[in-house]
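A.B. asks: Going down the list, the sequences are from chains Y and D. Quick note on numbering: the first sequence equals residues 1 to 434 in UniProt numbering. Quick note on numbering: the second sequence equals residues 1 to 1017 in UniProt numbering.
Note that these hints are calculated values from the structure, not bench results. Among the hints, a few may not be true.
To be verified - Straight-line alpha carbon distances no greater than 25 Å define the calculated PhoX-like cross-link-like pairs of lysine-lysine that follow:
| no. | chain 1 | residue 1 | chain 2 | residue 2 |
| --- | --- | --- | --- | --- |
| 1 | Y | Lys378 | D | Lys36 |
| 2 | Y | Lys303 | D | Lys26 |
| 3 | Y | Lys344 | D | Lys36 |
| 4 | Y | Lys342 | D | Lys22 |
Next come the chains, spelled out residue by residue.
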Amino acid sequence: MIGGLFIYNHKGEVLISRVYRDDIGRNAVDAFRVNVIHARQQVRSPVTNIARTSFFHVKRSNIWLAAVTKQNVNAAMVFEFLYKMCDVMAAYFGKISEENIKNNFVLIYELLDEILDFGYPQNSETGALKTFITQQGIKSQHTKEEQSQITSQVTGQIGWRREGIKYRRNELFLDVLESVNLLMSPQGQVLSAHVSGRVVMKSYLSGMPECKFGMNDKIVIEKQGKGTADETSKSGKQSIAIDDCTFHQCVRLSKFDSERSISFIPPDGEFELMRYRTTKDIILPFRVIPLVREVGRTKLEVKVVIKSNFKPSLLAQKIEVRIPTPLNTSGVQVICMKGKAKYKASENAIVWKIKRMAGMKESQISAEIELLPTNDKKKWARPPISMNFEVPFAPSGLKVRYLKVFEPKLNYSDHDVIKWVRYIGRSGIYETRC
Amino acid sequence: MRGLAVFISDIRNCKSKEAEIKRINKELANIRSKFKGDKALDGYSKKKYVCKLLFIFLLGHDIDFGHMEAVNLLSSNRYTEKQIGYLFISVLVNSNSELIRLINNAIKNDLASRNPTFMGLALHCIASVGSREMAEAFAGEIPKVLVAGDTMDSVKQSAALCLLRLYRTSPDLVPMGDWTSRVVHLLNDQHLGVVTAATSLITTLAQKNPEEFKTSVSLAVSRLSRIVTSASTDLQDYTYYFVPAPWLSVKLLRLLQCYPPPDPAVRGRLTECLETILNKAQEPPKSKKVQHSNAKNAVLFEAISLIIHHDSEPNLLVRACNQLGQFLQHRETNLRYLALESMCTLASSEFSHEAVKTHIETVINALKTERDVSVRQRAVDLLYAMCDRSNAPQIVAEMLSYLETADYSIREEIVLKVAILAEKYAVDYTWYVDTILNLIRIAGDYVSEEVWYRVIQIVINRDDVQGYAAKTVFEALQAPACHENLVKVGGYILGEFGNLIAGDPRSSPLIQFNLLHSKFHLCSVPTRALLLSTYIKFVNLFPEVKPTIQDVLRSDSQLRNADVELQQRAVEYLRLSTVASTDILATVLEEMPPFPERESSILAKLKKKKGPSTVTDLEDTKRERSVDVNGGPEPAPASTSAMSTPSPSADLLGLGRPTARPHPPPGGGLLVDVFSDSASVVAPLAPGSEDNFARFVCKNNGVLFENQLLQIGLKSEFRQNLGRMFIFYGNKTSTQFLNFTPTLICSDDLQPNLNLQTKPVDPTVEGGAQVQQVVNIECVSDFTEAPVLNIQFRYGGTFQNVSVQLPITLNKFFQPTEMASQDFFQRWKQLSNPQQEVQNIFKAKHPMDTEVTKAKVGHLEGRPRGHAACNPAPGSGGTARGTLSVTQRQGLEGWPRGTCCSRPSTRVWRDGPGDTLPATQCQDLEGWPRGTCCPQPSAGVWRDGPGRAACDPAPGSSFSCFFEQIIGFGSALLEEVDPNPANFVGAGIIHTKTTQIGCLLRLEPNLQAQVRPSGNG
């Protein structure tokens, strides 16, 4: 179990130090600083073992969060906790920065006391936490009843939702957020590609509603399609194969295991319903075609074409192509038809930005790079061209089929709930070798 | 350079590593665009950008351009630009061919210029790069600059240091020539800076070529005397806190240490100088500043080391010693340390030894009160160095008392030193025994095996202390808690000499036994094993406690002990005590014979611990002085030990040749022993080769001989009476052997019986290389001796001579034959003539396990057979290879007899000191961890403590090993011949050119008591 939790700023100064177990000594704080933050070589592994003590760290902007333990813990659990911790902090005071942490350290200690108990993670649901950990301090208008309700909720079976929530309009929002990762060879061959996605739900529902979520999961579709073979062939194409997925704690896993149906009582407000990953039949929104020609020792000609590969009615946004330049670049001339392009010396790259681009279009940039002859015989490693974008569909092909809401006690039915669904596909690491 | 300052402050203000990298990338892009070449840059901006690049490089980023611009800066006429150019080059130079040429050109120009600052810059650059390329280009040039008449002083100074640097990196490239004599004359230079630099150079050069710089001695002496006698104001700039030119003085004194004492004229002057230095040390300090005393003492210490180096002026030595004695009580810790260190070397000089001894009280005091452990360590060293017979008891007592509080890091060393001193200077051996027992009591954990082995060796070798030792040990053991090492010593000594104190009713046999047995359960397995041996010795010494001991041995905790060694001993000893008669017991368990005298193993261990350089010299001198005492360690000339000892560390006790080999077993004068040593050997055989030789009796391939220099491997094949042997000589060093000549020597007896033909090998063997030599062998007639391979070669400067016996034995020409049972016994009976038969009964050193044997041999597979329970009394078992010998005789009928026999083992101690070989040397049976047997037939049963066993045979391994021997030996193993299935029968024919000789062999293991092999030819 987690023995302690430290938060450092970029200089390695300790901002927050909370030790949960006796086996973590005072020197653990320094050990991490010396061996990881101030290490000569950049430490790339998120798990570091120093003197039989394990440090798990995540970095948010310039802030290091490190969980420490001497035991053999489940590393995935620790990281999950650290991410949750970041989410909780972000929900309370916005961006995680040194200043924010310094301004809220009392709150952070309070949160740490609540979400981690003797090193065991407890309730980390922001909505539930906000009911009893407030930034204003405990207000006297909390009645005794309310307090007892908090107790029964936190200790009860459904810790993430309190009873007696009432909305005039029952409304829910469903966001399918995906990030698509790609590595492509110069010839256009896909070397590796996968999509990692999340389904985020924002619910404003009264009472204790029972929800059921359906999507075009291949297994479910095939199971249903057994009866009508005709339908199977029709919908089979549109179903997707999910490699692995994880759910929010509210989802009944036993039901998922037996029937593969996703049913749950949602927390109030925003939460992440599920996370998943797919690797098959991915729609790649953009194709990058690089052309690099070396003209003598002192010149390099680069031409890059990007093609959008989705319905013409859809619009991709925030497109950014990053073309790395050699380390001995002494000057760059760029010509592009669309958007803006600039050589950024501090990043050793040409950055090409396009605000909007419709589907089935193509655009191109050409650049002349002047090089300084060096006496270094090492050849330029040609790092890949990377790309960022945002598209309004799910590159994995996931479709929400239904989300049914049942509330037996209160009299509103599935039809009364207003539902919104949105798909956003973003680029993860989207690279093409040149 | 504002731009540079701005850039540096930008970098300093960066919040994170990433920001810093971004800033640097931006700056690099900027510099690249500036260096692009289409614009001509002025010197100032070039300098600025090169500086920025240098700064970026020093931050840890790679710089791959800008070298050209830096080289351009070298040709500038401005000092600042040139300086930055040289700075960049000396920090960032790499062996890029075209640039190096340009750089060298620029340096050459600067060297040729008359401008001293430019010359200085160039010389500094050469020195700070100091690569081989630089040496190649300029090693010839710099001496010219150095000795040219018109060179400025500061340039000369730089040139001397630059040359020194080049000489240190690549001495082969610096040419010696007529400039050397002129360099020597720089010692007379007006400018003291030049003299200081030149002295450093000359000292280094003189260490390599003392002859060429011999003239520097008188110059150095006169220079030194001028400095020493000068008033402190004379040397102006070179007077450091009232001390005239301390650095130069120290360097001159060091230079003089490269040479022996000079001839009398100069010597008088030097002595005067040294006296002046010593006198000055007595004067009150002219300044209270620490720098003043540091400078003064530096000169003084260097002078003292020169005095010690010369070691010829008793007067000076004594004065130096007195001076150091004053420092022993100085406030400064460093001074005390240095004083102790110098005194250590003084103590080894015969003139000052007595003077050093006067400070004994102070040193002992330092040992007790000093706060710094390194100083205490020096004090221990000094006490050790100043010890002789007169003060040994005092010093040993002090060291012992200090040991109780000593720092853990130096305890082991003190223990060794105490042990050595106690042994070396012991007049009264009761004192020695007391000291060592005290040592074990105080610091038992640090007492290594060598120390307690040594006590036992000494006690066994000296009759006069045995009784006292037994008594003291007995008393020491009565302490409620005593160290395990004490139990070991106690067990061994009481086992040997317990009878000497048995008369006293307070230490009656039963009390002795009970005392030892009360410690038994607190000890580790090796100690328990030793105690078991003690018990069996008690059975012999005191028949009255026999039942008690048998009860102990019989108890389940012994007889069924989980540890195989303890179990085996318990079983064997129990059997021995019940089966054997008192006569046999008395023989087997006889008192240990005296150990041969040899160099103390403890000394070897101390040397190993200390490293070769420091102690050995001291040790050697000490040893020379102390040979007379107690017959102590004998001085071994370094060359012989290097040549003949295979590996000193592996052989802690020194591998002596066995004192006397037991005579070959009975078999008639006509029967000869293949395995015994041949009488005529040209050079003394290299130790270790003998065991190897024994190993090769049944083996054809392997390593015959190995030491630090040379490895000899063998590969041989034999068919009928012919054989071919490939000898591989491997050079284990990195330098070549010269005049490498291996010669095969056959004694006169051997000559007519064995034909050996070989070709000479290449006389040089490169480092790490291997050469091969083929020997064709023809067996003309039967023979007994083995030819000797004598190898002579030159390694480094020394001539090496190694002799080993070539393992060509008669049994190599032995071919197995198959024979039916009837045939076998028919022939066996025919050969009943006493001359034709040899029968021998020998004790096996190992218990037998037929099952194992069979599995191993694979000859008797599939034959249902019960587990022939082994009887592991020491009187049964197989045989030992080293002692296995076949005797055969050429009978009239052409059927001589062969037999196997082995010398019986006599004594019981199996472990501990003795003629112990490292177990690995004996291990040659694959898969059988401890499967070989001892080449020393006198191996006793004392398996712990000082014994004679080569290595301890493991149970179960022995018999199969015997079997392999029969087969490896050359005869066929015949199945279903002997009516008794437990017996083993073999037959074979020896092929010689003249005759063929058949041999029969039968081994009757007697499972009850004895194995009875008998041979028949």
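A.B. asks: Are the hints correct? Go through all of them and say.
C.D. replies: Here's how the hints hold up against the structure:
1. Y:Lys378 / D:Lys36: Holds, at roughly 20 Å.
2. Y:Lys303 / D:Lys26: Status holds; Cα separation ~24 Å.
3. Y:Lys344 / D:Lys36: Answer holds: Y:Lys344 to D:Lys36 is near 18 Å, not above 25 Å.
4. Y:Lys342 / D:Lys22: Within the cut-off at roughly 16 Å; holds.
The earlier numbered hints are all upheld by this structure, with none contradicted.
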